[in-house]
Every structure is written in structure tokens, then in C-alpha cells.
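Student: For the record, the sequence lines run as chains A and B. Count along the first sequence starting at 1, add 1389, and that's the number in our numbering. Count along the second sequence starting at 1, add 64, and that's the number in our numbering.
Because the hints were derived from the structure by calculation, they are not lab data. Treat each hint with caution, since some may be false.
Where chain A lies over chain B, by a calculated footprint (3+ residues, C-beta under 8 angstroms) [as the list claims (entries may be wrong)]:
| no. | region |
| --- | --- |
| 1 | 161–169 |
| 2 | 223–229 |
| 3 | 246–257 |
Beta carbons are placed, not taken as given, at the ideal position from N, Cα and C, and that holds for glycine.
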Amino acid sequence: MDVSFLQPIEAAVTLSVIWIGLGAIGLACMRVPRLITNVVFPAGALVSLALAATGLWAIGAPPSSAILPAGLPDLPFHVRLDALSGFFLLLLGGVSFGISLFAAGYFRDTEATTLGQLTLQYHVFLASMAFVLIADDAYLFMITWESMALSSYFLVTTEHHDEQNRKAGFIYLLIAHIGALGILLCFGVLHGGHGDYTFAALRAADLKGYWATVAFLLAFFGFGAKAGMLPLHVWLPEAHPAAPSPVSALMSGIMLKTAIYGMVRVIFDLIGGIRWEWGLTVLLFGAATSLFGVLFALMQHDLKRLLAYHSVENIGIILIGIGLAMVFIGSGHPVAGALGLIAGLYHTLNHAVFKGLLFLGAGAILKSTGLRNLNEMGGLIRYMPHTALYFLIGALAISALPPLNGFVSEWLTFQASLQAPQLASSVVRSLVPIVAAVLALSGALTGMCFVKVYGIAFLGQHRHEMAVKPREASGWERAGMLWLTIACFALGLFPVFMIGEINKVSLALTGTGLSDEAMNSGWLWLAPTSGAQASYSPIVFLLVIAAVFGLTFLLVRHFYHGRLRRADPWDCGFPAQTSRMQDSADAFGQPIRQIFAPVYLIQREIPRADDPQPMFRQSVEDRHWYSMYLPIARFNEFLSGHVGKLQQGRISVYLLYSFVTLIALLVFAQ
Amino acid sequence: MNIASGIVFQVLQSVLVLLIAPLMLGWVNQCRAWLQNKSGAGVWQPYHVLHKLFHKDAVLAHNASPLFRATPYILFGCMWLAVGIVPVLATSLPFAPAADVIALVGLFALARVFVSLAGMDVGTSFGTLGARREMMIGFLAEPAMLMTLFTASLISHSTSLVTIVDTLAHREFVIYPSMAFAAVAFLMVLLAENARIPIDNPTTHLELTMIHEAMILEYSARHLALIEWAASLKLTAYITIGFAIFMPWGIAQAGDWVGMPIALAALALKLTAAGAGLALLETLSAKMRIFRAPEFLGTAFLLATLGMLTHFLLET
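Can you build the whole structure from these sequences, using the hints too?
Tutor: Shown next, in the form of C-alpha cells:
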């Protein structure tokens, strides 16, 4: 087929529809589970790959749009694919490729009916995320946004026999709808009561006075609820562990990013005219979210819950990047703003990759050992060496260690924050580096958290007698994890290519990109402002360390020897060692619990000295539940109790209400 | 600058620092012995120890994983890369643009994560204890270190160490109040990160107090030798980063053969003084309880932040 006849948007729509088709096939063929796992999921993965290619193509191409032959009469669906949508489609396709491959192996033992339904929901979920990214009117956007929320709700409650999971699903749905309400109202404000609801019309709207700020706040909190921003994060650590692992990977890796997409789309594109005060709001919420997320992650011993809290943290880091961009753009420094935006978007992509990888790794552990509790794991590197290697790469990447991808985006965020001297207001100027310090702190804490995760799950001795030896993940599962591992390396070692692409997004969105000097520094050196200001070369990093590794290895063997003897561990000569003497996950977090005690709500039960069966109990909870959510819930209950009195159940009373209403209207609305 | 002489300088610097790093450690220990009225083992003792360790047969726990065996090499690679990047003798080295100060901090973090993981690998009580404490010190020290470096970066408008050295070495001599704060903070971080008193004691094997030593208890022979060597490289790297930021005088340009003897002499002088100073500091202070470490490093962080704010308020 001649490509010139095909627009990127048509390819994207077609591929999304194929996804829905695949889901329907899955539901229809649920009697043949082999077909689903061997054909439908791999085919879905291929569609992902094609979509990623479409996204990459769209970043460089001029925006293309279309009107779909669907929707209501007089209210057709508009779709449009520009650089920003292209970038997020690339993220969606690239990451879901690995996740779908993994899913092909992971769902192998799922019961047939569940598998059929799950296949449908999984692919509808993917397709609705794709449509969210290409929607070009508020109407289609909200419909696909809602179908994304609903399909993921059903996926979260796949194991609905467990009450805990149903509860998690409910909280998720509730907060998703509070967020959706905010977004809907934001579109309403932008619309302003005239014109239609296409994004072009909303973009052209000229908001007077404080209305722009109102729209900003609605969008920020509406999308923030979906992204897991503080204080609307409570659904995340509930919903992610409840869902099957590939779904957790999709939700954490990709769905949260659609919220970031929405935020960038609405704030940078539709509202426009960014003010630095908005940026400061985003920046402060981002800093608080990232620190809070990692502090709570350190307290967890459920692996998936821990990863969920890290999603909260990383959303915070992304928001710091975007907030910096808004502060700089709002104060008239578009080049520094572009740097912040690129840092934020790059971290969005990186987080999708490594968090997807880590959730898949957690899934592989769960499937092979049946464990989610870190305190019962240990020594898995000996049974699952491949998974252990992939997980290690993911853990190093999320801990922002060079030369992997997480470091590049955090480095860019630091560089953006060091542009602070350009700012005029001295308060903002000194606030920005303090946010950078918070970022440094949460980066270092993430390192600690993943030493804990990896050291306890994969290293050491196993803490729990296992009935069967854990098996290595299957071929499909390993392929999925391998893909994301490669992506961690590629994005970490060759950041210049992807930054060049994101620079196009920034150019299309804000009209400004990085300076020419920065873009022409060559593929080896990453220098976002200029070589003299800052540069970083991950390849040199990796090559030197690898070269020294090999050279030392050879030289030691050449000049001395390579003799080796195996023996029992020494441990200061202590003879009677058991595996229970290793740190548990909770013990590893103890220093944090002590240093940051005021952040947590800690309850302790310490046994009496004469207790024959002493037990030590401790729980660490989120203060937000008690200080924010429960009071609101109680107030709500109180209110509905009183409103409920209106309901008498007698028709005459209802007729009376209608009568009184009519009279009131006649009096007041002449 | 031509590329050939740049490479010569790079190799010269890397090899030189690699060779003198154990000497630096020997010098600190010797000074400490003198200050404690002992005769000391001599400045060459670390070389004897390394030689002895390389000769021994490595003993490995039964359940040690490949990660455990790879870590000493990775650690050694990280630290050698670090001293290759820091302008110890000359600026404008070919490796220098590979990492700015932020990436350098990331490099140290990478090494720390690997050592901690190796500490947890065998699954002994002391190993995990050491790893936990090391990561705690790490997360407290890292932000303080970054804030210190940011202060220098904001003054020189660059995070590249080369530019920082060039800016700070060639300006007229003015005492920046912000740099004074940063220097104190940097010193505190240096002590913590290199497992020195008052945070940790490099010579202790007292179970309850050790941090760094607890993690590497299971290592022996060549693995231990590499770890010890890497530790001395790390100390040298930190001290030379301190020189680059706070006393950048005497560092030559790459290819500047005339400046070289001056650079060498300056380095020798500075290292001698720094080693003696470190020994004095360690003799004068006692090791803190581990619970006090957050306070110590929190102070370092606040000083660094104060330095940065001072820069914004007084120096712009």
C-alpha cells in the first residue's frame, strides 16, 4: 500500500479498532483458551508495536485529523493526531507490546470464562486509552475516558470473590469519577456556553479573568486524581495489588500517563497563557507527592503495593518537570521551560518502561511462588535467574542510577531546576532548588527502597518453607520482560534520539525547543543547554565501567590467580544462623520509620515482659484516610441521611413537591 | 588542545590516582597513629595488605550469587571512572564531559547500591544490617552532597566540574559566604560517605557499630582487595572533588606540559595537608551513635541549603 495515502490518524484509529476486534474474538473463543494465549495476546502485542511506530511517525509528521462515522447525529467524533498524541501513542504501544507478550504467558492457567472476559476488557482498555490520546473533542474524550475507567475497573475486580478486591475496585471507581467530574467541569468552563465542544473551539476560547485559573485548577485536580497525585492517591495502592499483574503494569505504566497527557493537553494546549503561579502549584504538589510516595513505599511489605506507592512518587517527579516548565514559560523563559517539559515527558516514558517491567517481575514472582509478601520471599535469584536479572535492571532504572533511563530524566529535571537564576522573583528562585533537593532526597530514598526489595526478594536465604521450588518465568513472560529491559537500556544509553523526538513535541506544543547548540552536540553527548554548562554520556559511563571490569578481572588472574573455595558464611564467626536472622522488609524500613515518624500514623502493640507468647504488632497507616477521607465520608452520610427524609414513598407528597416547585418557579422566574 | 595529549593526560591522571590512592589511606592512618602517640605501620602498609589479599584463595559462601562475585569489579570500575572524571591534575580531559557533578553523585550511588546488594546476598544478619545502615547514610548524604554541588554550580552557571574549576580558579580571590557554608557541608558528607569517624569507623569490627565493614564481612582475598582499593579511590575522589570546588588552584589544562609539575606539586601538597587534617579530625572526635547520624547529616543538608540561599540573597 502506498503510505502517502495513509494518514497517521487513520492508522491509529484502525489499529485501535483491531484491538477491540481482538477482544471480541477473545470473548467469542473462550472455549479455546490456547487460542487466546497463543494468538490473541501476541496479535495484540503486534498491534501495539504498529501503534508505537505510528506514534513515532506522527511526532515528525504534521498533525492529521479525521471525523469518525460514529457518535450521535450532529455530534460526530473528531480525532486528531499531533506530536503530543504521537509521543503518548509511542509510549502506549511500546510498553503495551512487552506487557501483552507477558500476558500471553501469564494468563495461561486462568480459568476459561474469566480468561474470555478478561481478554475483552484488556483489549478494550488498550483501545480506549488509544482513543483518549487521539480524541479531538470533549465529547469523545469523556466517553473514552470513562470506558477506560470502566474497563480497568472490571480488570481490577477480576478476582471479585475476594472482598478486599471489590473494595479496592470501589475506591478506584469513586476517585476516578471525582476526577472525571473535575475534567468535565473544566471542559464546561473552557466551553463557556457557546460554540461546540471540539478541542479547536476550546483552544480558541478566550477566558476572562479568574476563569482561566478555575479551568486550570479543575483540570489539575481532575487529571491529578487519575494520576495518583497527593492527596487523591489513595486508590492507587489499593487497586494495583488487586488487579492481575499485567493489568497492574498497564494501569501503572500507561493509564496514569494518560492523565499526564490530559494535563499537558488541557493546560499547555487548550487553556494556554500559562501563569507561573500555576506552575508553582504543580511544582509544590509534585514535590510533596514524590516525597510522600517514596516514604510510604518504604513502609510496605506487599511487593505490588510498594510498587504502587512508587508510581505515586514517580508521578510526583513528572509533575516537578511539568511544573518547572510552567514556571519558566509563565515567567517568559521558554527555552528553560522546554527543558522542564522535555524532562517531564521523558520521565513519563521512562517510568512507563521501568514500572511496567517491575510489575511484570512482581507478576512472575507471584505466579511462581504465590507470594506477594516480601517477608516470605528470599533467594529467588537462584531459582529465577532471568527474572532476577530483568528485575535488577528495572530496580536500578527506577532508582535513577546511571547509565540507565531513570537517571537521564532526573538529570534533565535537575538541569531544568538549575535554570532558576533566570527567574525574577527571588522567592520562586530559591524555592526551585529546594524542590530539586526534595527530588534528590526522594531519588536516594528510592535507591534504598529498591535495595530492600531486591535484597529481600531475590538475594539472601528464603524466609519461608516453599512447598514447591519456584520455577523460572515462561518464554512469553521472559520475552515481555526482556523487551522492557532492552528499552531501559536503549532509553538510558541513547537518550539523545528520544530527546530529539520530544523536542519536536515541545516545539509543536509551546513553539520553543532546546537551543540549536544543545541539539547539535552529537549522539554521544547529552548536553541540554550547552556543553560547557552540563554534559553527560551514558555510553562512556558504561564502556569505562565494563572495560575496567574486564581489565581488572584479567589482570588479577594474570598477576595472581583465580582460585576459589566455597564454605559456610562467616558472619563474624556466629555459628547458629537461621534465615530469620536476616532483615525483614519492615525491619529494613525501620530507620525511615524513625526519622520520618511524624509522617506516618503508627500503631504499636508491645508485649508485656511476662507474656509467655510475646507478639509484637505494628501497623503503619496513611494519615489522609483519617484526616481527610473519613470526615468527608461521614459528612456525606450525614447529608444523605437528611436528604433521605424528603423521600416519603407516598405519591401525594411527591405531587406536593412538584406543586411547590412550580409555584416557586412562577414567583421567581417571571 | 589536541586529542593525543588529552589522552596522555587522561591516562596519566587515572593511573597516578589509582596508584597513590592506597598511599593516601596509609598517610591518614600514619598521621592518626602519630597523633595517638603510636609509631604506626608506615605509609606503605595498605599496599602490603592489598598484595597479601590478592595472594590468598578467595572463600565464598555456598549460596553466594553471581551478583556477589561481580560487585567488587563493578565497584572498582565505578570508582576508577570517578577519579578519571574529576579534574585532579588537569581540566579538559577527554573523559570529563562524560559526567557532570550530578552524574558523579549518581555514580557513587550506583556503587553504593551494588555494595549494599552484595551485603544482602549471602543472607546473614550482619550483612543486611550493614546494607540497611549504609543505605540510610546514603540517602541522608546524597541530597546534602547535591545541594553543596548546586551551590558551586549556581556560582559558575554550570554543573560541569571542568567549568566550575575554570571559573573558580581564575576569578579574583573573594570569599563567597555561600561557599563557606557549602565547604562545611561537603566536609561532613565526605566523612559520612567514606565511612570515617564520627559516622563510621573504618578500623572497627565491633558488631553493633559497624556499617561499611558489616556489609563486606563475607568478602575475602581478591574481592576484598578490590573493595579496599575502591574505598581508598573513593576517599581520594571525594577529597579531589573538594579540591576542585573549594581550592581549585594549581590544576593544569590538558596538554599544558609546563603546568604539569606545578599541578603535581600542588596536588601532593594538598593531599598531604588533607590527609593530616582528616587524621586530626578523626582523632579529635568520637564515633556517634547511629541514631545521631540523621542529625549530623541533616545539619549538613541544612548548611548546604543555607549556602545556596545565601548565594541567591547576597551574591546575585
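Student: Compare the structure with each hint and give your call.
Tutor: Hint-by-hint comparison with the structure:
{"no.": "1", "hint": "161–169", "verdict": "holds (count 6)"}
{"no.": "2", "hint": "223–229", "verdict": "holds (count 3)"}
{"no.": "3", "hint": "246–257", "verdict": "violated (count 0)"}
Hint check: a violation occurs at hint 3 only; the rest are consistent with the structure.
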